[in-house]
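Protein sequence lines, in the order shown, are assigned to chains A and B. Numbering follows the numbering used here, with no gaps: position 134 of the first sequence is 134. Numbering follows the numbering used here, with no gaps: position 157 of the second sequence is 157.
FYI, nobody ran anything at the bench for these hints, they're computed from the structure. Please note: incorrect hints may appear among the correct ones.
[Claimed, not checked] Simulated pairs of lysine to any residue, SDA-like, Cα-Cα distance not exceeding 20 Å:
no., chain 1, residue 1, chain 2, residue 2
1, B, Lys218, A, Ala54
2, A, Lys39, B, His132
3, B, Lys218, A, Leu52
4, B, Lys76, B, Leu100
5, B, Lys218, A, Ile128
6, A, Lys95, A, Gly83
7, A, Lys39, A, Gln61
8, B, Lys218, A, Gln51
9, A, Lys39, B, Glu145
10, B, Lys218, A, Arg132
11, B, Lys218, A, Asp58
12, A, Lys95, A, Gln106
13, B, Lys218, A, Ser56
14, A, Lys39, B, Ser139
15, A, Lys39, B, Asp136
16, A, Lys39, A, Ala67
17, A, Lys39, A, Ala70
18, B, Lys172, B, Gly98
19, A, Lys39, B, Glu122
20, A, Lys95, B, Glu122
21, B, Lys76, B, Val195
22, A, Lys39, B, Met134
23, B, Lys218, B, Leu130
24, B, Lys218, A, Pro136
25, B, Lys218, A, Arg53
26, B, Lys218, B, Met134
27, A, Lys95, A, Cys145
28, B, Lys218, A, Ile59
29, B, Lys76, B, Ala104
30, B, Lys172, B, Gly188
31, B, Lys218, A, Ala129
32, B, Lys218, A, Pro57
33, A, Lys39, B, Pro135
[What the hints assert, rightly or not] One side of the interface only, derived from the structure: several residues of chain A facing chain B at Cβ under 10 Å:
no., residue
34, Gln45
35, Gly49
36, Val138
Glycine included, every Cβ here is placed at the ideal spot set by N, Cα and C.
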Amino acid sequence: MKKLVLVTAAVAAFCGVAYAQRPAPNAAQTIQSRQASYKQMAAAQKAIGDQLRAGSPDIAQIRQRAAFLADRSVHVLRWFPRGTGPETGIRTRAKSEIWSDGAGFQRAGANFVVAARALNRAAASGDIARIRAAFPAVGRTCGACHDGYRAPAQ
Amino acid sequence: MAGAPPTGAGVRIWDLPVRLFHWSIVLLIPALWWTAENGRMELHLLLGEILLGLLLFRLLWGVLGSSTARFASFVKGPVAVIRYLRGNGPGIGHNPLGALSVVAMLLALGVQIGLGLFASDEDGIYAGPLSHRMPDLESAHELAERHETFFWVLVALIALHLLAVLYYLVVKRSNLVAPMVTGRGPAGEAGQAMVPAPWWRFVLAVALAVGMTLAILKLL
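Model the full structure from these sequences, guided by the hints.
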């Protein structure tokens with residue numbers, strides 16, 4: 001039994017390492033789809049901000065966008081397999097620090113998840129004051145990642 | 001305060017609101033540039049809103065203010081500009097050529113603030129208070145790029161203004177900076193001085209500027 005556990009753990013560890021080091025099967029596609037996802041997230045972010053800027057915010061609109069952001073936030077860290085950085089020669093603003101400072105990137109990603117979920121809970125409550133209070137952290141945690149791990153445009 | 005003894009040389013040229021507006025701009029424009037360059041966008045947006053209020057005040061003061069603050073007193077046609085260039089007697093306040101520069105800077109400031117009001121960063125995180133009026137994020141972000149480019153138009157006009165001030169100081173031996181600080185300077189050839197505006201006009205201009213600013217930020 002103990003042997004079985006050890007073997008299973010070894011296999012799992014090997015698979016984990018193999019997965020982490022496996023080059024992206026299609027780097028171009030990965031880059032393109034994460035860029036598209038980020039554009040959708042930016043649009044959602046702007047849409048929530050627009051509602052908060054408007055005289056009478058539409059809670060349903062905010063709720064839908066906040067749920068979308070919270071849902072996507074969990075996936076962000078998976079959009080950067082090794083071999084999808086600037087070394088590919090493909091147009092991407094992902095900096096090599098994403099991989100050289102993996103721990104920092106993971107932390108930044110986790111902060112975003114926490115903020116996006118908090119906003120989603122606030123949106124679900126329908127309390128505008130709570131939404132207003134939770135919203136800036138989403139922008140800040142998005143921005144924290146952009147500052148350290150995204151190259152400037154052009 | 002008409003009977004107050006003169007502090008410093010000459011006659012009154014610029015009232016306090018004009019001077020405060022001028023030096024606020026001197027502080028705000030570098031601060032706005034710095035906050036934008038360093039990603040301090042919350043502060044950038046706040047300073048931009050303050051600048052909007054100041055600009056609106058200056059435009060109102062250009063109608064309600066003291067004689068040298070009024071557009072009607074200093075915005076002149078090309079004939080006056082040419083006469084001035086031929087060395088025809090300067091009065092007090094903006095000369096006809098300098099007035100063009102003032103109008104250009106105020107206009108550029110208006111354009112820049114207008115662009116900022118509707119602009120958004122590419123991530124939809126920091127956006128101007130009227131950016132929800134843009135059809136989508138992409139068009140709002142395009143305005144942000146124009147906002148960035150147009151800043152250099154503002155810089156060019158300010159550089160021209162500074163060069164002109166330097167030219168007056170070095171070549172024409174006329175210090176334009178001191179009057180903008182103290183409000184006083186040499187009387188014009190006809191010996192005229194500024195006709196001040198009563199205090200209630202200042203209160204009215206401030207109230208109108210604040211009201212208009214809030215209306216633009218909150219109601220539009």
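Comparing the hints with the structure gives:
1. B:Lys218 to A:Ala54: Given pair lysine 218 (chain B), alanine 54 (chain A) holds - Cα atoms ~8 Å apart, limit 20 Å.
2. A:Lys39 to B:His132: Holds, at about 17 Å.
3. B:Lys218 to A:Leu52: Judged against 20 Å, a Cα distance of about 11 Å means the pair holds.
4. B:Lys76 to B:Leu100: Measuring from Cα to Cα gives roughly 8 Å; hence the hint holds.
5. B:Lys218 to A:Ile128: 16 Å, holds
6. A:Lys95 to A:Gly83: Status holds; Cα separation ~12 Å.
7. A:Lys39 to A:Gln61: The hint holds at about 18 Å.
8. B:Lys218 to A:Gln51: Distance of about 12 Å is within 20 Å: holds.
9. A:Lys39 to B:Glu145: Between lysine 39 (chain A) and glutamate 145 (chain B) the Cα gap is close to 17 Å, so the pair holds against 20 Å.
10. B:Lys218 to A:Arg132: Holds. Lysine 218 (chain B) to arginine 132 (chain A) sits at ~16 Å (cutoff 20 Å).
11. B:Lys218 to A:Asp58: With Cα atoms ~16 Å apart, lysine 218 (chain B) and aspartate 58 (chain A) stay inside 20 Å; holds.
12. A:Lys95 to A:Gln106: Since the Cα atoms of lysine 95 (chain A) and glutamine 106 (chain A) sit roughly 14 Å apart, the hinted pair holds (cutoff 20 Å).
13. B:Lys218 to A:Ser56: 11 Å, holds
14. A:Lys39 to B:Ser139: 13 Å, holds
15. A:Lys39 to B:Asp136: The given pair, whose Cα atoms are some 12 Å apart, holds under the 20 Å limit.
16. A:Lys39 to A:Ala67: 16 Å, holds
17. A:Lys39 to A:Ala70: 15 Å, holds
18. B:Lys172 to B:Gly98: Roughly 14 Å between the alpha carbons, so the hint for lysine 172 (chain B) and glycine 98 (chain B) holds.
19. A:Lys39 to B:Glu122: 9 Å, holds
20. A:Lys95 to B:Glu122: Since the Cα atoms of lysine 95 (chain A) and glutamate 122 (chain B) sit roughly 18 Å apart, the hinted pair holds (cutoff 20 Å).
21. B:Lys76 to B:Val195: Given that 20 Å is the threshold and the Cα spacing comes to 19 Å, the pair holds.
22. A:Lys39 to B:Met134: 17 Å, holds
23. B:Lys218 to B:Leu130: 9 Å, holds
24. B:Lys218 to A:Pro136: 19 Å, holds
25. B:Lys218 to A:Arg53: Roughly 8 Å between the alpha carbons, so the hint for lysine 218 (chain B) and arginine 53 (chain A) holds.
26. B:Lys218 to B:Met134: 16 Å, holds
27. A:Lys95 to A:Cys145: Within the cut-off at roughly 11 Å; holds.
28. B:Lys218 to A:Ile59: 18 Å, holds
29. B:Lys76 to B:Ala104: With Cα atoms ~13 Å apart, lysine 76 (chain B) and alanine 104 (chain B) stay inside 20 Å; holds.
30. B:Lys172 to B:Gly188: This hinted pair holds, its Cα atoms lying about 15 Å apart.
31. B:Lys218 to A:Ala129: The given pair, whose Cα atoms are some 17 Å apart, holds under the 20 Å limit.
32. B:Lys218 to A:Pro57: 13 Å, holds
33. A:Lys39 to B:Pro135: Distance ~15 Å between lysine 39 (chain A) and proline 135 (chain B) Cα, so the pair holds.
34. Gln45: The hint holds - glutamine 45 (chain A) has a Cβ within 10 Å of chain B, the shortest such distance being about 4 Å.
35. Gly49: 6 Å, holds
36. Val138: 8 Å, holds
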